Every structure is written in C-alpha cells, then in structure tokens.
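S.K.: Residue strings, one per chain:
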Amino acid sequence: MALGACGTSGPGSGGSATYWYLSGQPQEGVRTGTVDRFNKANPDSKINPTTFQNDAYKTKIKTAIGAGQAPTLIWGWGGGTLATYVKAGKVEDLTSWFDQNSAVKDKLFPSSFGAATIDGKIYAMPCETVQPIVLYYNKRVFDRLKVEPPQSWDEIMALVPKFNAAGIAPFSLGGQSRWTNMMWLEFLFDRMGGPDVFQAVFDGEKDAWSNPIAIQALTKVQDLVKADGFIKGFSSITADSNADQALLYTDKAAMMLHGSWSYGIQQADGGDFVSSDALGYMNFPPIEGGKGDETDTVGNPAQYLSISSKATKEQKDIAKKFLAKGVLDDEEVKQWIGTGGVPVLKGTQDLLAKDKNADFLKFTYDVASNAKVFAQSWDQALSPTAAETLLDNIVKLFQLSISPQQFADNMNAVIGQ
Amino acid sequence: MTEPTNRPQRRGQYGILPWLAAPALLVFIGFAIIPVFGVLALSFTTWDGLGEIHLTGLDSWRAVLTDPGLPHAVWITFLVVATSWAVQTPLSILLGTFLSGYQRYRGLLAIVYFIPLLLSSAAIAIAYKALLDPNFGLGAGLGVKFLSQDWLGRPVLAFSLVVFVVSWQFIPLHTLIYQGGVRQIPQSMYEAAQLDGAGRVRQFFSITLPQLKYTIITSSTLMVVGSLTFFDLIFVLTEGGPGDATRVLALDMYKRGFQANLMGPASVIAVFLVLLGLVLALLLRRLGGDASESQIEGA
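First to last, the protein sequences are chains F and Y.
If you read the first sequence in our numbering, its first letter stands for residue 1, the second for the next number, and so on.
If you read the second sequence in our numbering, its first letter stands for residue 1, the second for the next number, and so on.
Take the hints with a grain of salt, since some may be wrong.
[Said to hold, decoys possible] Here are the simulated distance ranges between beta carbons:
hint, chain 1, residue 1, chain 2, residue 2, range
1, Y, D67, F, K321, 42 to 50 Å
2, Y, A21, F, G89, 38 to 46 Å
3, Y, P116, F, E288, 49 to 57 Å
4, Y, R62, F, K362, 33 to 41 Å
5, F, T250, Y, A122, 42 to 50 Å
6, F, P161, Y, A32, 55 to 63 Å
7, Y, P71, F, P212, 45 to 53 Å
[Claimed, not checked] Sample of chain F residues lacking proximity to chain Y, with all beta carbon distances greater than 10 Å (derived):
hint, residue
8, T32
9, K62
10, Y85
11, D223
12, I237
13, A324
14, D366
15, E388
16, D392
17, S401
Note that these hints are calculated values from the structure, not bench results.
The structure presented is a predicted model; accordingly, all values stated were derived computationally and were not measured.
Cβ coordinates follow ideal geometry from the N, Cα and C atoms, glycine included.
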C-alpha cells in the first residue's frame, strides 16, 4: 500500500484541482485540449492533469483512492468499479448537483447515466464518446470470395469453412487480452435470450449462469472455436499491440468484433483501407430462434468523471465548474468527431454529417440511439472480483479447456461478489 | 596469551561496526520486516483496498486453501523453479568455466554474454512477444514455419518459453558468479593434476566442480528464491496464460490483490511465499554442510 503514497500528485495544493486520465493518442490530445482551454478561461481555478497508460491506470487509481491520495477528478468506466468507490464512500454524490444543473444533465444521452447510477443516485458525469461493439468486415476479401456479409448466426457458421479454405481467417481475435473474447459472449447471450439472462447475473440471482440459454450461448461460441472460426494462434495475440486490428486490414482475416474505437485505428494504421471504402461494419446479426432484439448493443455507454470525496471544498468547486463548463465544450465535441467518435451529447447529427467519416459516425449514432438496450461491458458492470473470475474463465472456455457447464459452475460460485 | 594487548583493538572494531550496519539495518527493517508483519496482519482481514479493513479471522486462509487454483499455482511455481534451475545451472557452470580463461577473445565474449542482464525484464518480455507473434513476428517475417507457432497460446509452449526467456536473461549473471568461482581455484591443483596425466574433462569433474561447491550453493539459492517470486517477465509475456498455464504464485497474488480487489487472500499467498522462500534458503544452506570446512581441503 506504500506504493500509492509514492505518487507525485497527491491531493493538490490550494487553488488547483487534480485530474488523472489515460494517455495514448488521439484521445489524450482531446482531453488535454479541454483542460488547457478551461485553465486559460479560469486562471484562478486551474486543473492539474496527469496521464497514465490504460492498464497501469486501472491499478494506480484503485491504489491511490484506497490510500486517500485520489485526484480531485476521477476518470473511469462507471459500473462495478464505481460501485466499489461508492461503497467505500470515496466519491461525491452528484444527484443534487445534477438537479440544480439540469441543463448539464439534459444535454447528455439518457442511456449514458445507467452506469453512473448506483442505488438510484448519480455518482459520475458521463463524458467523451459512446462506444458500441461493432462487427467489422473486410470488403476486399468478401468481394474476392464473392460472398455477402452474414445476416444471421447460421450464415456466420457457413462463411467459416469458405474463408478457411481460401487461407483467410474468418475472424481476427486478440485472445490474450481476455475482454476481446468476452464481447462474443455478450452478443450471444443478448441475441439468444435478450438482456434478462445477464441481468440475472448482475442482480446476483443464484445459479444465474446455469440458465439453459446461457449454456446454449456458451456452447455456440465453442462451436465457432472448434470450426476454426478464429485466427490460428489467437491466444498469443494481444489487443494492446493492435495486432488483431492489423490482421483485418492486411487481409489476413475477414471479420472482427471490436469496439467502435477500432475505426480510428484502422484509419490511422491501415493505409488506404478505410479511405478506399474496404472496411465494412454492421451490428451483430440475429441468431436463429433467439429472443433478443437485433437493435440491442453492448459496449461503453460513455466514459465517466467522478469527484473525490476526499478533495478540499475549493477543489470540489473547481471540479464542478469543469463538469459544467469544461467537459464537452464545442471544441471538444468537434475534436471527438474528428477522431471518429460520437460524443455522448444529444443533437450532434448535423456536425456528424459534415465530417469526412460521416457514414461511420451516423452508423454509431444510430446504433447507440436506436438500441432497445445498450448494455455495459460485463467486466465493467460487474465488481472487480467477479470480473476477474469471469475473464479467467472466458479464456479457458475459448481454449476449450473447460466445458460450458464447468464455466457456469465456476461463475455461479462468485455470483453476487 | 596476548589478550591484554589485543583487547583495545578489538573493542574499537566492534564499537564502529554495528553503527556502520545501522543504515542498512534500518532500511531492511522498514521495507522488509515491518511489511512482512503488515501482510501477516492483512491475511486475517477482508479488504478490497478501498474501504475499511474488517477483521475476519481465518476467512481468507480458508478461501485460499480451499481454492482449487492454489495447488495448480504451487505446482506451476515449483516447475518454474525446478526447470529454470536445471537449465541454468549446467549452462552457467560451463560458460563460467570457459570464460574464466584469460584469452582476449573470451574477455570479449564475456561482455557480449553480459548484455541480456542489462535489459529490463519488461523490455525483454515485450521484445520476445513481438518476435513470437504468430502473424507478424519473426516466423512470418522470415518465412520460417517452425517459428510461427502459437507460442503463448499453448500451455506447454508458453511454459517452456517462460523458462527459456528467464534462462536467457539470468544465465549471464550466474555465468559471472561461476567465472569468479573458477578463477579462485588455485592454479597449482590443475598443474598437479596435469602431471598426474589427468585430461581436461577429468580435471573439470575432479577439481573444478568440487571446488565450486559453495559457488553452486550461492548461485542456486539466488536462482531458487529468485524464481519463486518471479513476476514481471511472466506478467508482461503471458499474464499467467494461456488459461492458468503460467500462473505462478507471485502472479496469483498480484491478480487477487490488485485486479480482483481481494487483499486478504492475496496476503495469505504472500505469507505463504515468504515461508516457502525461507525454508528453501535454509535447506540450501544445510546442503552446504559445515561452513567452517575449508574449500581447498574439501577437494
């Protein structure tokens, strides 16, 4: 625990609030830009930013909060992790602040508040972009094999042997990163049984994973693994290195299930892959006999900003001013759109339509706003304890080292934790 | 016999020596002894690293000891310790003996061999990961089929790879230790053996190896205790995967504590590791026999 105390930026001194967020372009530039503009406009109440790498940040922020060294503004993904902060009394209740500043609340997507709300109270402000998971495909290899994008699960299974015969992996997958595999289960559960199947797990119902629909979905994903649906050696590939993205734009793989942020990566790294209109995208197709709504989606409904309850009154005031005036100002909105992201702000359709990526942005906006249910990624929704067990077992499921039944048994053991 | 004259001198030595050791002792107590007791105390609690710490007696111990993942992690840790020792020791002894010669090209080689030790574990792991990527790594780049394996995706391959990279990184250190050890063996013993007509191989087994006894024990202690707590390289290279094929105890502890927010059970594993390390170090010391025994006479 001494680690946290070694940090250089503890509770900031006097007239400035601290703010930690993720490094990595292009997102880091947008975040820094917002802070810079805020500081310029408010020379008396400045925000001191510090950046961290994604995985390092997840550990660092937890340790810092536990040691009472949290920054004033806590950036995060909401859901289960936010709930642990709330339970420990480490973040401010913003419900009454949102009541007083209803204009701030009303301009944001209503669906984005779900992961910020714990026991009916709001503990974070949704910010940045909405990130549904999208099924991407490579139009070049689909044209070469003269096949059409899949409209159902059976069509996916029918495409698998065709691509394998042509020496192209049907699906790219960065399997070492674990959450990449999880996205498959999220869609299979929803398309087959609707949102209730996972909701039961989330609500802590006993033996919720043993639901027959859950077992069927787990079996389906193993069927896909057994049919060589994923690239050979997917367990050795990490998403952090973007090797899974590269497989798609180098024509080594035909399809990939990934977050909407993948579009920006394909555009930046893929040469003319995006500009030549070779990247196709669609929502996950329905499954024969499934009960789920095909407009449903899953992913990150937003990113979230909370205020540390340990900050001074002065720091909290600066932070609230930042939430009201700084976050998602006109310039930030423009910049997010420039990176291929859709801000969690209502009424940006006109701005989106003017951008060079208008088609993809409209697609993302429609998926996010038309979804009957926009579920939060499981590993973010669950508590860190349950999420860790989930990710470990998902890897074993994809390795075929445990059966769907064993998966359900292992997961039932940590329900409600 | 000459005690009166010796006394003042002695008292002077003992007078300063403890004070010289004091800074090191303070650091050791502050950063090693106190945290060990802190961890021991935490192992009897439930804490998510954020909220209040609750005393829950033996709950954490029960949770860890009944977890089916624990015997597996212990077994994997043992395998890593045993195989990396078995790979590193013979190679280090041979390289160390070879480099103990005073020829100039050997001096040059010694410097080259030393390079892996200068790199950080994280850098080594990232480099190997990139080289072994099945689609964009060395195998795909050079068109060598053998190198395009699913290195990190198959349990046996991933485990072997971990042992290989660990050995690659640490053989230089142990080579250096053995080089020093071999150079301390009196040249006269080899000369005598030569007069008796013993060849190089005979000299190695009858003089070099027995004379290296204490060096072997030192080097083995470093290896065994070091690989017991091996973490950084495995964390970056495989994250304990695929599945839990390379999930050693140290990694298990980190994942429980900092990823799953279970500080109690993580502390139990930490206590377990401390005890295991102490017992192994003690056993290895015992293997050395009576420490007062002269090395040269032992030949």
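S.K.: Compare the structure with each hint and give your call.
M.R.: How the hints compare with the structure:
1. Y:D67 <-> F:K321: 42 to 50 Å: For K321 (chain F) against D67 (chain Y), whose Cβ atoms are near 48 Å apart, the range 42 to 50 Å holds.
2. Y:A21 <-> F:G89: 38 to 46 Å: 45 Å, holds
3. Y:P116 <-> F:E288: 49 to 57 Å: 55 Å, holds
4. Y:R62 <-> F:K362: 33 to 41 Å: 55 Å, violated
5. F:T250 <-> Y:A122: 42 to 50 Å: For A122 (chain Y) against T250 (chain F), whose Cβ atoms are near 27 Å apart, the range 42 to 50 Å is violated.
6. F:P161 <-> Y:A32: 55 to 63 Å: For P161 (chain F) and A32 (chain Y) the Cβ distance comes to about 59 Å; the hint holds.
7. Y:P71 <-> F:P212: 45 to 53 Å: Check failed, 32 Å falls outside 45 to 53 Å.
8. T32: T32 (chain F) clear of chain Y: closest Cβ-Cβ about 26 Å, beyond 10 Å.
9. K62: 6 Å, violated
10. Y85: 7 Å, violated
11. D223: 19 Å, holds
12. I237: 7 Å, violated
13. A324: For A324 (chain F), whose nearest Cβ neighbour in chain Y is about 28 Å away, the distance exceeds 10 Å, so it holds.
14. D366: 33 Å, holds
15. E388: It is violated; E388 (chain F) is separated from chain Y by about 4 Å at its closest Cβ, not greater than 10 Å.
16. D392: Per Cβ check, D392 (chain F) is inside 10 Å of chain Y; nearest 7 Å; violated.
17. S401: 5 Å, violated
Of the numbered hints listed earlier, those contradicted by the structure are 4, 5, 7, 9, 10, 12, 15, 16, 17.
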